[in-house]
Structure formats: C-alpha cells, structure tokens
Amino acid sequence: MFKAKLITTLLASALYATAAAAAWVPEKPVEFVVASGAGGGTDIFARTIQSIILKYKLMNAPIVVLNKGGGAGSEGFVYGSASLDDAYKLTFGTNNEYLLPLVAKMGYTADMLVPVTALALDEFLIWVNANSPYTDAKSFIEAAKKGDGLKMGGSQSKDTDQTLASMISEATGAKFTYIPFKSGGEAAVQLAGAHIDANLNNPNENLGQFKAGMVRPLCVFSSQRMAAGPKVSKDMAWSDIPLCKDSGIAIDNYQMPRTVWLPAKVSPEAIAFYTTMLKKVSETPEWKSYIEKTSQSDRFMTGDELRAYTKQDAERATAVFKREKWIVQ
Amino acid sequence: MENFGNLMDGFGIVFSFYHFGLMAAGVLLGILVGVLPGLGAPNGVSLLIPLTFTMDPISAIILLTSMYWGALFGGSTTSILFNIPGEPSSVATTFDGYPMAQQGKATQALTLAFMSAGIGALVGVTVITVLSGWVTQFALKFSSPEYFAVYLLTFCSFIGMGSSSPFKSVVSMMLGFAFAAVGMDGMAGNMRLTFGITELIKGISFLVAVIGLFGLGELLQTMEEGLRFDGIHARIKIRDVWEAILSLPKHWMTLLRSALVGCWMGITPGGPTAASFMSYGLAKRFARKKDGFGKGEPAGVVAPETADHSAGTCAILPMLALGVPGSATAAVMMGGLMIWGLTPGPMLFIERPDFVWSTIASMYMGNVMAVILVLTTVPMFAAILRIPFSIIGPMIVVVCFIGAYQISGARLDLWLALVFGIAGYLLKKLDYPIAPMVLAMVLGDKTEDAFRQSMIFSKGSLGIFWTNSTLVATIMTLAMLLLFWPLIGRLVGRLRQQRTPN
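In order, the protein sequences belong to chains A and B. Going by my numbering, the first sequence opens with residue 1, and the numbers climb by one from there. Going by my numbering, the second sequence opens with residue 1, and the numbers climb by one from there.
Just so you know, not all the hints are guaranteed correct.
What the hints assert, rightly or not - One-sided and incomplete, this derived list gives chain B residues near chain A with beta-carbon spacing under 10 Å:
1) Gly196
2) Lys202
3) Ala330
FYI, nobody ran anything at the bench for these hints, they're computed from the structure. Glycine is no exception: its CB is placed at the ideal position from the N, C-alpha and C atoms.
Just chain A, same shape as in the assembly (with noise of 0.2 Å):
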C-alpha cells in the first residue's frame, strides 16, 4: 500500500517534472544576437528563422533582431556571452564562433556558448573569371605554381576563404597572394571585374555573377555533387559542377555551418525548447526554399552530432593556423 503510493508519488513527480520540462517557454522577447553586419550571410540567415518564426507561431515572444558584426562577428558573440544564463540570447553565427578566438584576443572564449543546432552547411568553389583562361580546377592550379602565383580574393582576414586557400596551397603547392576584402559580395564584384584571379565564395555570394555568366566555378569542395536543379548560367547547373578532390585538389569536405548559439549555464529545458523550435523551422517549406535559393546543403544537426561536427572542424582549421602561425595564446 505504502509502496504503492510511493510509486504514484515517484511517477507524478516525474511526470511533474517532464511537463515543466516541456513548459518551458520564453515569457519576455527574445533578442536574436547575429554575428555579422546587416545584409550578410549570417543576416540572412537568422532573419529567414525570424521569419518562418512569424510565419508558422512557433514562439509567443516577440524576436528582436539585433546585428553585431564588429570584429568580424566577435562582438556578436561578446555580447550574447555576456550573461552565462540569459535564455533570452540566440546567438547565430557560422564556424567563427570557435575560430575567432583562435587567431585574436576577442574578449569571450569559445566554450562560454553552446552550439543549439546547426542548420544548414554551406558549400565552397573555386570560382574564375569567365574570360579567363582556366576552364577546370587542373589548368588554374598549374597556372598557380608558376611564378609568384595567382591572385585571390576572399572575405574578412584569416577567416574561413584565406583557410581554404592555404589548404589549397599546402595539398597542391599552388602560390597564393590573398587579398582580403571587407565580405563576399565585394570580392565577387572584383573577380567579375577581373581585378583578382579567382575567388572562394559561397555559392550564394556570387550567384548573382554566376547567373549573367561573368564568372565560372571550377570545382566544389564537398565529398558529393550538390543539388540538381535547372540551368544557373547559359549551360550549367550547381549539379554540373565537378568535385574539387576528383580534379586533383585532395581536400575531401570544406564547408561552413550556419549555427545557432546559447550562453553555457542556459538550463537544459531551454535549449530543449529552441531545439524543438529551430527544428520546425528546419521542416518548413519556406526554409527548403531559403536552402534551395542559396545553394546550401540541408543539414540539421544537434546534441553531441553537433559537438562532435564542431570540435572535428576546429581541430582541422587548428591545424592551418598553426602552420600559418596565426595562433594566439
């Protein structure tokens, strides 16, 4: 008898328990911190969230959104680290959380934020002038050894494109003189006015040059085609384009995640609740269409996937860095 109810009192304090779980709510508005200057990729990214949000009501709270994109996003997550327990900071950004703090003093550390979920990966090509002469990624790297090399543009400084292009480098013995620019979309101004030789961008940064036939992709650094889809250019689709490894470039998987960050002390039945929610998200027309428009791979990841996805990424660009001795202590 007493058993028994002991056993009912167990099971409804349980049962308790799952449901405040499962009640968490957010109960004031929740600011959406983005890493990056309005308009960029990253802005993008969490405004198209915010949106579907709106859409489908997968939240009460209103949604602020709030651009920090000084030093290149690190202000960004300063501010969303700045209360290890603050619920109410959705941090978005990319593989820069966990990069940045590698290679400067920024003011945060990266294990004072969790990863929530990552979204979606972004894809990296080698990307040519279409009256250049290089029609495939054989001919550019032979060009790129000789002499002092060729000229490549890239976004921000020791970020993602300059990590790349020293791979490159280091797998082909191609020479490289890395030209930072302020974002993508100037560097890929500048490769259709043929001021640079090639760039790295996201499909995204130069589709709109990649449409009207200005510039050519050479190869993608991903470990399978992308998407079929119609013709982007005159003759070609994303899915026509080659696999960097298989044109002689050994570098098997190079993408950008698009991330979504919490102060680490946040309690687990928050970060449950944004799960759940960024998922619905993730399970919308409209964000198929958000992946579909910017040419990303559909990729959802949470929990220790994700973990596992970033501490793999940043062993790897650890690695880079070392070499290129850009490390800080």
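Given the coordinates of chain A, work out where chain B should sit on it, guided by the hints.
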C-alpha cells in the same frame, strides 16, 4: 529609349492607392527615425524588415526606400537644429545649417536643405534612368587603387579649405585616422589599440564621436556664451519658406556642381558621405566670398544636401545591379531583397525588370512626396528653437546620451561621448577644425583597406596609383591638384605680378 518605356511600365505598377499609402507611411516613419538621434536609417529599415515578409517585393521595396528618403530628410533636420547629424552624410550640413539656425534663420535653412535635397535626389534618379546600362560597366572598373584614389580626392578637397591653417586640418585629420584604427584590423585579422578593453573590439563608432564633438561640444560653448539661442527671437513665417524656395535659382551653380559630384560618387561608389564633404569643399573653394562659410552661408547648406541625396539615390543602382551596397542602409535593404527571393546582380535587370523599374519609378514619386511632407513640418520643427535654452539644453544632453547608448548598447560609449564632448569644446577654443577629424573617422577604415589591398596587388609599389588604369591616374592627378591648389594659385599669382611690370 528602351529605358524610358520600362520606366513608364514601372510608373504603371507603382500608381495605386496602396502604394501611395505605403510611400506616405514610409516617409513619415523615416522622418521620425531620422529625427531621433541614434536610431538612424539603417536601424529604422531593419526594424521594418519583418513587416515586409508578407508583402510582395515591389510593395516592400517601396516601403523601405520611402523610409530611407524620410530618414535622410529627418537627419538633416537635427543637423540644422541641434548640430547633431542623424546620418554620417549629413555631417557637412551642420557646418552652415546650425549657424543659420542660431541666427534665427532655421526656417530658411530647413527649407533650403529639403528643396536642394529633393532636387539632388531627382537628378540622381534621372541619371539612374538614363545610364543604368552603362553605369554597371563603369562600376566594374573600380578596384582597390581606384577606391583609394576617390577617398584621397575627398580628403584633398578638404585640406586647406578650412578657415584655420592647413596644418591644423591635417592634425585633426590624423587624429581621426587614429580613432578609425581602433578595433579589428580587417586586413590582418588582429586587434589594434583596444588596450584589452572588450568594448573597443568593434571600434569607436563615428556616431558616438559626432554626438560628443558636435552635440555636447556645441552645448558647452553655448553655455559659455550665455545660455541663449538667437532662434528664440525669430518669428516663424510661412513667407520665409517661400522666400527660401525663390532664392534657390541663385544657387544654380552650386546645385549643378553638387548634383554632379553626388551622382559620380554614388555610382563609383564612393558613397554619400564622401560626396557631401567633397561638394561642401568645392562650394567653398569656388565661392566668391569664402568668409561666410561656417558662419551660416546658405550655399553651405545647399551643397552638401544636394550631393548627399543625389549620391544616396544613385547608390541604389550599384546595389541592384552589382550587389554592392553603397551605404549601410542599402546593405540592410539588400538583405531584405534576398529574403524576398531576389538576387541582386546584373541579372536582376533582365529577370525582374518589373521590380527594378517600379523601384526606380517609386524613387521619383517617393522623393517628391517626401519633400512635400517635410516642408509642411518645417514650421513645427523650427518652433522647437523658440523654447528657452534652459529647457531645451538639458533635453539635448539627455537625447545625446540616449543616442550614444542606442548605437550598440555599450556603456563605454557614454564615456566616450563625454570625452569627445570635452575634446570638441577644447578643439574649438584652439581653433582646430573638427570636420576633418570626423571625415577621417568615417572614411579612414575604407581608405586604409583600399590602400593596403592596393599594396598587396602591387607588391608594395606606389606606382599602382598611376599605372593601374587611366581612371586611377586621372583621379590621382585631380587629387594632387586640389591638395596643392593654394600653392599653385599663389605661384600663378606671383608669375602674373612679375609679368605685369614688363
């Protein structure tokens, strides 16, 4: 004339009651956002973006661009009335606009500013309409050396034009460069001059400096001079508005020159800020009476406003055609464009001509509507100056600090604003011009990037600024001419004198 036909189609789409309503709403919201310091056009537009998710792209862009025009006009209002520019590009308007307001000519200053801004904008849209095809080709020719040359031209047109010595201008400018260097070094990815202070990572916002230097610094001086605004005694007459409008034809030369500078800088894209500074500098250089500038010369209001707005409108073109936003607000709108499912770039003109040409058509109507709406607010805003200084003064202080905090929610910015306020007061006392410092803070980062990119291009040879293209060589020559113009002028004068006796 294909463009003309397209434009007519655009007008056809825009002409609807719904779109006119959106335009009016956008302009009014924009004025509000522009008048409140610290909010500014980029913030206002990004606040509105979620509202546009459910709209079709044409209505959405009409709402956002109208808000942009409204904010630009609102920003000029605070520049003139309180010496607090709402946008970087309306800094130059304070130089003569604020003195005019102090002398009780706020109505004239506001009217002149709005009218010339409207004219500048219309010239800008006309240029876009006529040249849209050619402009994209031209903009593609611009690489880092060309950008550097344009910025250098802006700086050079400013040195030596101040009432103080060129030496003092240079000192002030160099201080500005130093402030601009604080924060992340975009070219090397390292931190500079942050002294371990986390809040300095994002750099010193130029707006904080401006609020301190102009807003607070000016207040300190007003207090010293005896706590009064001359504006109190000014009567507001509707006739003043008309008289100011009728006096515009007198400034036709300034209008024309500034509009050309504006269009050129908007397309290149050097941006509206560089345009307004440069055209102010040129207006002063070519004026018959240089003494009036800085003390309430109407041409000193007309020049920067015209250039600012013609550049602002022209800057929409590189955004649509190349995906390069010419200003912070354009960058926000570009983000919106992508969310609505459009890709800015050369193909936008071919794939969605309806969108492009309705946008351009709405720019004509939005600006006309904005001018009409802001002109009706002139008496209201001018009346603010009739409030005694002992009441309005503390309110400006509060507004300044709220504005400084609003920019990025950092407490350090409040201290910085205070320090810049005191510095602004001292610099004024010592007769150091503040404008070059602000100019350097606004353009310093971009100039440095362009210079260092050029140096990577050329492997460290300065020759690239003369040999890269005829374009860059021409701009550099112009810059050098402007820089040494006082010396050259003197030399020519002396040669003439020597010749006359013979």
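Practice problem: Mind listing which of the numbered hints don't hold for this structure, in increasing order? | Solution: Hints that this structure does not satisfy do not exist here, as all of them hold.
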